[in-house]
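Student: So the sequences go chain by chain: A and B. Heads up: the first sequence at position 68 corresponds to 68 in UniProt numbering, and the numbers run straight through without jumps. Heads up: the second sequence at position 209 corresponds to 209 in UniProt numbering, and the numbers run straight through without jumps.
These aren't lab readings, by the way, just hints derived from the structure by calculation. Here a beta-carbon is modelled for each residue, glycine too, at the ideal position from N, C-alpha and C. Don't take every hint at face value.
[Said to hold, decoys possible] Which residues of chain B face chain A? A few of them, derived with a C-beta cut under 8 Å, are:
| hint | residue |
| --- | --- |
| 1 | ARG124 |
| 2 | MET127 |
| 3 | GLU169 |
[What the hints assert, rightly or not] Below, in silico cross-link-like pairs of lysine-lysine (BS3-like), each with a Cα-Cα straight-line distance of 27 Å or less:
| hint | chain 1 | residue 1 | chain 2 | residue 2 |
| --- | --- | --- | --- | --- |
| 4 | B | LYS128 | A | LYS72 |
| 5 | B | LYS128 | A | LYS23 |
| 6 | B | LYS120 | B | LYS164 |
| 7 | B | LYS164 | B | LYS128 |
Each chain, letter by letter, is given below.
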Amino acid sequence: MSDDVESRVRKIVVEHLGVEEDKVTENASFIDDLGADSLDTVELVMAFEEEFGIEIPDDAAENIQTFGDAVKYIKDAT
Amino acid sequence: MFDLTGRNALITGASGGIGGAIATALHGAGASVALSGTREAPLQELAGTLGDRAHVLPCDLSDAAAVESLPKRAAEAMGGVDILVNNAGITRDNLFMRMNDEDWAQVLEVNLTSTMRLCKGVIRGMMKARWGRIVNISSIVGATGNPGQANYAAAKAGMVGMSKSLAYEVASRGITVNCVAPGFIATAMTDKLTDEQKSGILAQIPAGRMGAADEIAAAALYLASPEAAYVTGATLHVNGGMAML
Numbered sequence: 001m002s003d004d005v006e007s008r009v010r011k012i013v014v015e016h017l018g019v020e021e022d023k024v025t026e027n028a029s030f031i032d033d034l035g036a037d038s039l040d041t042v043e044l045v046m047a048f049e050e051e052f053g054i055e056i057p058d059d060a061a062e063n064i065q066t067f068g069d070a071v072k073y074i075k076d077a078t
Numbered sequence: 001m002f003d004l005t006g007r008n009a010l011i012t013g014a015s016g017g018i019g020g021a022i023a024t025a026l027h028g029a030g031a032s033v034a035l036s037g038t039r040e041a042p043l044q045e046l047a048g049t050l051g052d053r054a055h056v057l058p059c060d061l062s063d064a065a066a067v068e069s070l071p072k073r074a075a076e077a078m079g080g081v082d083i084l085v086n087n088a089g090i091t092r093d094n095l096f097m098r099m100n101d102e103d104w105a106q107v108l109e110v111n112l113t114s115t116m117r118l119c120k121g122v123i124r125g126m127m128k129a130r131w132g133r134i135v136n137i138s139s140i141v142g143a144t145g146n147p148g149q150a151n152y153a154a155a156k157a158g159m160v161g162m163s164k165s166l167a168y169e170v171a172s173r174g175i176t177v178n179c180v181a182p183g184f185i186a187t188a189m190t191d192k193l194t195d196e197q198k199s200g201i202l203a204q205i206p207a208g209r210m211g212a213a214d215e216i217a218a219a220a221l222y223l224a225s226p227e228a229a230y231v232t233g234a235t236l237h238v239n240g241g242m243a244m245l
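Chain A extracted, bound-state conformation (with noise of 0.2 Å):
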């Protein structure tokens, strides 16, 4: 089941960043490592609720910076 939320994460990311999926690793920044924007950040949180059914408040989802961060908060919150 973790092992299925970094799969669908990570999918999320690669289709909305177009970047390679072994760039998408545990520590790997949204913006300073895949080239996101911080539109791009927005848009990957909403994303991230609509495929988990969860909703995200803002202040957490400051601190989402890393693929690492979304899969830990996304597992504490499912």
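Using the hints, position chain B against chain A.
Tutor: Just chain B now, with coordinates in the frame of chain A:
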């Protein structure tokens, strides 16, 4: 010329002269319209005239919770919101030295803060759709100032600054944010002016007449259209030459 078939538009202040004209113009171009305003009777009347594709959504823009739910109600009624026209506005005119905090706060709340809240409420859907049009109805006095209207002018100028900032942020997602700044427009409000007041105003308008609500609606229709995709962060002044900005 402008085809909005399949687009869904939310218009605030649709019970007023300008808002009603904007709703009529967008509807005439094929859009579904959600008519919002505080007074339900004129909204129902307008919806009755328009026929199909018209929805009535009463809302008090000074009520923050009601404002927040308005985009959702509009999306439920129409299936989404592709076009938002923030047209509603109030005045609480007074000389600056006599203007109290409440006059200031009410005008800022309804004219500027509700605009921000409604923009926030529709922008997610527009980002996903990679298409959106926000048209904020500002005013000539936001650019020129007007005695007795410090609060109103501040709100209308604030709208322009907010629109430009938002326009920057969402331009890459196919969303445009623009303002229309009407000058003196003949509505129920200006009908109340005396002939003397009217002639004083007309002397300042090179076109020599007041504008018609339809002329503001035409500007809003253009900015809402697919043809205006490359226009964003702009303010379209429609004032008969009263201020050439």
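Student: If you test the structure against every hint from before, which numbers come out violated?
Tutor: Violated hints: none; all satisfied.
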